[in-house]
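Visitor: Let the hints inform the model, and build the full structure from the sequences given.
Residue numbers for the sequence shown follow numbering that gives the first Met the number 0, beginning at 0 and rising by one.
Because the hints were derived from the structure by calculation, they are not lab data.
Some clues are possibly wrong.
[To be verified] Label pairs and their computed distance ranges (CB to CB): (1) N36 / Q131: 48 to 56 Å; (2) L163 / Q131: 23 to 31 Å; (3) Y171 / H140: 40 to 48 Å; (4) S168 / K47: 40 to 48 Å.
Even for Gly, the Cβ is constructed at its ideal location relative to N, Cα and C.
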Amino acid sequence: MSATRLLVLGVVRGYGVAHGYLIGNDLMSWGAGEWANVKWGSIYHALKQLTKEGCLADEEVPPARTDYRITAKGEQEFQRLLRDALRRPETRPDMLAAGLALLPSLSRADAVALLHERLAALESRRDAARKQVGEWTDPPHVRELFGLWEHTADSGVAWTRGLLERLESGAYPMAGERNSPGDPGSWPILKFE
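Guide: So this is what it looks like as C-alpha cells:
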C-alpha cells in the first residue's frame with residue numbers, strides 16, 4: 000500500500016484540501032490503476048488509515064462529503080515516502096512511478112541528490128550481478144537469472160542518468176520554482192465539461 004499512501008498524500012497535499020472522489024478521479028486519470036494497482040477501495044482505505052494515523056485531518060462537509068487536509072505528520076510521511084521512492088531501486092516499479100508522478104514536490108537539488116543515490120545503488124547492483132554471471136558455474140542455467148538482474152540494473156542506470164541530465168538542464172518546474180505544481184495547495188481543480 001506504500002504507493003497508494005504516497006499518491007493519496009501527494010494529491011491531498013497538492014490541492015491543500017481534497018475529497019475522496021477528487022483524489023480518485025485524479026489518480027485514475029493518471030493511469031495509477033495500471034502502474035500502481037490503485038483501486039477506488041484502496042484509495043478510501045488509505046484515506047481512513049492515514050486519518051487514523053494522524054497524517055490527514057478530515058472534516059465532514061454537508062450533505063455527505065469528507066474533505067481531507069495533510070497534517071504536519073502527514074507532510075513528514077509524504078516526504079519520507081517520496082524520497083525513498085526516488086532513492087531506492089525496487090523490484091516493483093509502483094513506488095518509482097508514484098515518486099515520478101509527484102517529483103515536482105521536491106526542490107531540484109533534492110531530486111538530483113536522491114537520484115544520484117538511486118544511480119549508485121543501481122550501478123552497485125549491476126556490478127554485483129555482472130560478477131555473479133562471470134563466476135557462476137553450476138547449475139549453468141542460473142547464470143541467466145544473474146544476467147537478467149545485470150540487464151535490468153543497467154537499463155535502470157541508463158534511464159536514471161537520462162533523468163538526471165534532464166533535471167540538471169532545468170527540465171520540469173520543481174518546488175519553489177516558477178509554475179511548479181509542487182508546492183502544497185498549488186494544484187488548481189480541473190473542471191471537466
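Visitor: Looking back at the hints listed earlier, which ones does the structure fail to meet?
Guide: 1
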